[in-house]
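Residue numbers (the working numbering), protein chains in the order written: chain A, 1 to 100; chain B, 1 to 164.
Treat the hints loosely; a few may be bogus.
Okay, the calculated beta carbon distance ranges per label pair [said to hold, decoys possible]: (1) K129(B) to N91(A): 40 to 50 Å; (2) V68(A) to L20(B): 24 to 34 Å; (3) L10(B) to V65(A): 21 to 31 Å; (4) R85(A) to R112(B): 20 to 30 Å; (5) V94(B) to I35(A): 14 to 24 Å; (6) D96(A) to A65(B): 27 to 37 Å.
Worth flagging that the hints you see were computed from the coordinates, not collected in a lab.
Backbone N, C-alpha and C fix where the C-beta goes; we use that ideal spot for every residue, glycine too.
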Amino acid sequence: MVPVSYYLVLSAILFGLGVVAFVFKRNIITIFMAIELMLNAVNLAFVAFSRSLGQLQGQVFVFFVIVVAAAEAAVGLAIIILIARNRRSLNVERVDLLKL
Amino acid sequence: MTAELVIFFLLAGLAVAGALNLILQRHPIHSALSLVVVMMALAGLYLLQGAEFIAAVQIIVYAGAIMVLFIFVIMLLNAGEEERTNLSRMARWVGLPLGIFLLLQLVYWIGRAPEAPATVAASPAQTRKLAMMLFQEFVFPFELTSILILIAILGALVLAKKES
């Protein structure tokens with residue numbers, strides 16, 4: 001049986017890589033994918049805890065996280081299409097209207 | 001080393017390699033495909049922990065629906081490779097070390113945490129219990145998510161439609 005801490009460390013690694021991708025990438029679609037990666041890492045921790053504590057609430061939470069992620073992806077990608085139409089670019093540095 | 005541990009390390013390595021590839025690839029479609037690899041590996045890990053329902057939902061909703069939406073948008077917008085600018089150099093020299101520092105901190109502190117009490121063996125009829133829980137204890141939030149999705153559909157339509 002795999003110890004819970006292995007799953008938690010894997011979850012931390014994936015979350016950290018998601019943060020690195022979030023600050024490092026310049027393409028707005030890739031940044032959005034980094035957010036999905038972080039959500040997935042948290043889901044893994046939820047399932048690991050659900051198993052180690054012998055309670056199913058963790059899996060119910062994962063279910064809700066996936067539903068919210070689906071809604072978020074739909075709205076977020078619509079916003080990305082809007083940005084691409086207005087700015088003619090997917091680079092986040094071009095979205096600087098609020099900057100001094 | 002038991003078979004379960006071997007499968008765990010195989011899938012974990014696959015997930016980390018996919019996540020690394022997401023960062024290293026410069027074309028968004030390559031990043032999207034490596035994210036699909038990560039999600040498939042995670043579905044395998046859920047199966048390993050006896051969460052069959054979550055594994056199925058992970059493949060159907062995440063790898064099937066959400067990632068197809070991503071790839072669809074990448075192709076629709078004809079996204080090319082990332083361009084390098086002065087600001088992206090700053091992201092490399094400031095953002096990358098800080099991100100890696102956060103990653104190491106997370107792994108270090110979680111790895112040091114005391115081991116949880118003895119794990120319970122996964123019960124066979126988990127999906128049935130999950131369904132009971134979802135439709136009894138959590139029925140109100142469950143219904144709320146349907147409204148959330150409805151609002152998300154309307155929002156996406158309003159945002160993405162062409163102004164006449």
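Consistency of the hints with the structure:
no.	hint	result
1	K129(B) to N91(A): 40 to 50 Å	holds, 48 Å
2	V68(A) to L20(B): 24 to 34 Å	holds, 26 Å
3	L10(B) to V65(A): 21 to 31 Å	holds, 25 Å
4	R85(A) to R112(B): 20 to 30 Å	violated, 49 Å
5	V94(B) to I35(A): 14 to 24 Å	holds, 20 Å
6	D96(A) to A65(B): 27 to 37 Å	holds, 33 Å
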